[in-house]
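Q: Take a look at the letters that make up each chain.
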Amino acid sequence: MDAIVQVQGLHKTYGATVAVEDISFTVGEGEIFGMVGPNGAGKTTTIECLEGLRKPDRGMVRVLGVDPQHDSQTLRLRTGMQLQQSNLPDRIKVWEALDLYASFYPKPVNWRELLVQLGLEEKRNTAFSKLSGGQKQRLFIALALLPDPQLVFLDELTTGLDPQARHTIWDLVREIRSHGKTILLTTHFMEEAEKLCDRVAILDHGKIVALDTPANLISSLGVEERVTFSVDGTLPPAFTAALSTGTRVEVQGDRVTIHTVNTRQVPLVSEVVNLLGSQQISFHDLRTEQPNLEDVFLSLTGREMRE
Amino acid sequence: MKSLLKMTWVEAKLFLREPASAFFTLIFPLLMLLIFGAIYGANPVPGTDSTEAAIGALIPAFTGMSIGIVGLMPVTITMATYRENGILRRLRTTPASPLMIMAAQVVVVFVMTALGVLLLMIAGKLVYHVQFTGNALSLAAGFTFCSLSFFGTGFVLAGTMPTARTAQIVAMVLMYPMLILSGAGWPRELMPAAVLKISNFLPLTYVVNLLRGLWFGESWGQHLLDVGVLAVMLIAGVLISLKTFRWE
Numbered sequence: 000m001d002a003i004v005q006v007q008g009l010h011k012t013y014g015a016t017v018a019v020e021d022i023s024f025t026v027g028e029g030e031i032f033g034m035v036g037p038n039g040a041g042k043t044t045t046i047e048c049l050e051g052l053r054k055p056d057r058g059m060v061r062v063l064g065v066d067p068q069h070d071s072q073t074l075r076l077r078t079g080m081q082l083q084q085s086n087l088p089d090r091i092k093v094w095e096a097l098d099l100y101a102s103f104y105p106k107p108v109n110w111r112e113l114l115v116q117l118g119l120e121e122k123r124n125t126a127f128s129k130l131s132g133g134q135k136q137r138l139f140i141a142l143a144l145l146p147d148p149q150l151v152f153l154d155e156l157t158t159g160l161d162p163q164a165r166h167t168i169w170d171l172v173r174e175i176r177s178h179g180k181t182i183l184l185t186t187h188f189m190e191e192a193e194k195l196c197d198r199v200a201i202l203d204h205g206k207i208v209a210l211d212t213p214a215n216l217i218s219s220l221g222v223e224e225r226v227t228f229s230v231d232g233t234l235p236p237a238f239t240a241a242l243s244t245g246t247r248v249e250v251q252g253d254r255v256t257i258h259t260v261n262t263r264q265v266p267l268v269s270e271v272v273n274l275l276g277s278q279q280i281s282f283h284d285l286r287t288e289q290p291n292l293e294d295v296f297l298s299l300t301g302r303e304m305r306e
Numbered sequence: 000m001k002s003l004l005k006m007t008w009v010e011a012k013l014f015l016r017e018p019a020s021a022f023f024t025l026i027f028p029l030l031m032l033l034i035f036g037a038i039y040g041a042n043p044v045p046g047t048d049s050t051e052a053a054i055g056a057l058i059p060a061f062t063g064m065s066i067g068i069v070g071l072m073p074v075t076i077t078m079a080t081y082r083e084n085g086i087l088r089r090l091r092t093t094p095a096s097p098l099m100i101m102a103a104q105v106v107v108v109f110v111m112t113a114l115g116v117l118l119l120m121i122a123g124k125l126v127y128h129v130q131f132t133g134n135a136l137s138l139a140a141g142f143t144f145c146s147l148s149f150f151g152t153g154f155v156l157a158g159t160m161p162t163a164r165t166a167q168i169v170a171m172v173l174m175y176p177m178l179i180l181s182g183a184g185w186p187r188e189l190m191p192a193a194v195l196k197i198s199n200f201l202p203l204t205y206v207v208n209l210l211r212g213l214w215f216g217e218s219w220g221q222h223l224l225d226v227g228v229l230a231v232m233l234i235a236g237v238l239i240s241l242k243t244f245r246w247e
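Line by line, the protein sequences are chains A and B. Quick note on numbering that gives the first Met the number 0: the first sequence kicks off at 0 and runs consecutively. Quick note on numbering that gives the first Met the number 0: the second sequence kicks off at 0 and runs consecutively.
In case anyone wonders, no lab produced these hints; they're calculated from the structure. Just so you know, not all the hints are guaranteed correct.
[To be verified] Cross-link-like lysine-lysine pairs, in silico, DSS-like; alpha carbons within 25 Å at most: (1) B/K5 to A/K122; (2) A/K129 to B/K12; (3) B/K12 to A/K135; (4) A/K135 to A/K122; (5) A/K122 to B/K12; (6) A/K92 to B/K5; (7) B/K5 to A/K135; (8) A/K106 to B/K5; (9) A/K122 to A/K92.
Taking the hints into account, I'd like the entire structure generated from these sequences.
A: Encoded structure:
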């Protein structure tokens with residue numbers, strides 16, 4: 000796997016505030032790599048150092064093999080950037096923005112196809128200021144894709160969007176990756192990082208506190224998985240006896256909770272449901288609580304993620 | 000080059016979609032002519048010898064006014080707003096250069112100002128039968144030279160003022176005295192000596208002097224001071240504009 004992005008010992012301060020402290024990571028070709036963490040964790044500072052928009056105090060940064068500070072033209076031609084705070088003129092129409100931005104690149108992709116791909120065809124003649132938040136973000140993604148980039152930066156792409164718009168954007172990001180592009184994104188939604196990213200770096204106070212695939216991050220912490228349900232009558236002892244080892248059963252009245260510590264072959268929920276079925280125990284209100292990245296963040300930092 | 004043309008075209012459309020800038024550039028000089036024409040159409044302005052000449056003198060004066068307004072208002076507001084709203088920030092991630100972005104603005108405001116001045120001249124001809132005695136080519140060259148010398152001010156203000164609001168206020172503070180005291184809105188012949196001294200410090204005065212001279216058929220050689228002042232402004236404007244350009 001070729002390294003598209005290499006960061007070694009990146010350090011950036013603003014006055015007395017340390018924004019990014021000694022961050023190192025690499026992003027491989029074709030990956031969706033996410034930086035996740037609360038506001039102020041250093042995600043945007045890091046991504047802006049990679050984009051060449053900010054100058055690091057110390058550390059080595061290589062993007063597509065070049066130093067963003069010295070060869071910004073290469074980056075501008077070969078990467079697509081969606082910024083957290085940026086805008087287009089209020090009265091520019093969607094097609095005009097695409098047509099204009101396409102003219103900046105020597106070999107742009109056909110913007111008419113992007114318009115269709117991003118579901119903006121009906122909005123072709125709409126002024127930028129009349130677009131919804133989700134449509135604006137889709138337009139920004141389209142602009143980022145115009146140079147047919149090898150690497151796409153997406154900074155807080157879905158902040159401020161409703162859940163439906165967010166899911167549309169996730170599908171788009173997966174589709175972009177399926178065209179062989181590498182994606183580096185930041186988000187403060189743990190769910191987004193978990194569902195979208197191949198690997199996730201969790202940032203807090205300017206440092207990477209964990210870096211791995213979402214599944215490994217979740218399992219490495221030994222976070223409990225829980226299944227709870229209510230039985231009609233009492234739970235037969237044969238049920239408890241038949242459960243695999245490493246599980247623990249708690250009964251409170253008719254409510255049963257089964258705990259397990261992860262790293263299992265079969266998900267706990269299927270084992271429980273199968274067993275309930277085979278022993279013909281009637282039950283209702285079955286719920287599962289899967290550990291997620293939110294739990295990982297909580298256990299790493301001792302704090303809940305702040306919105 | 001392709002992107003400069005595209006950008007110019009898009010900026011031109013955006014300019015016309017903004018009612019305020021379109022009004023002040025295209026319609027305002029014309030309105031001024033009609034209003035002032037009605038006010039002192041019958042009374043020859045001192046220093047000129049006929050009503051036609053008096054109205055005629057308004058045309059280069061209002062052309063100067065137009066240049067002053069456009070250089071200070073639309074250029075400043077557009078550039079400062081583009082910076083403040085993150086529009087330049089978005090452009091910064093592309094290969095678009097500051098020079099290209101500024102060049103597109105210059106071309107658009109220049110063409111719009113020229114259209115406004117053309118309307119002004121047509122109205123002068125049709126309504127007041129103004130006779131133009133100068134050399135058209137020389138006047139066109141003078142207009143271009145004056146416009147380009149003046150537009151730099153807007154870029155410098157947009158680049159140096161902390162917010163779009165401040166840039167706009169400073170532009171207005173600079174603009175109003177110039178419009179009144181440069182001879183653009185009120186003939187310099189009618190100003191007392193003390194006011195004339197202030198007038199001599201205003202760059203727009205030199206624009207009005209040069210354009211008025213060229214309008215009445217005087218040669219460039221008779222206006223070396225005006226040309227000199229404006230040439231310094233032109234060079235300083237370009238250099239400082241490029242130096243003070245900020246993406247964010």
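Q: A separate judgement is required for each hint: does it hold in the structure or not?
A: Now for the hints, and whether the structure bears them out:
1. B/K5 to A/K122: OK: B/K5 and A/K122 at ~21 Å, within 25 Å.
2. A/K129 to B/K12: holds, 17 Å
3. B/K12 to A/K135: holds, 20 Å
4. A/K135 to A/K122: Within the cut-off at roughly 10 Å; holds.
5. A/K122 to B/K12: holds, 18 Å
6. A/K92 to B/K5: Since the Cα atoms of A/K92 and B/K5 sit roughly 14 Å apart, the hinted pair holds (cutoff 25 Å).
7. B/K5 to A/K135: Judged against 25 Å, a Cα distance of about 21 Å means the pair holds.
8. A/K106 to B/K5: holds, 16 Å
9. A/K122 to A/K92: Status holds; Cα separation ~9 Å.
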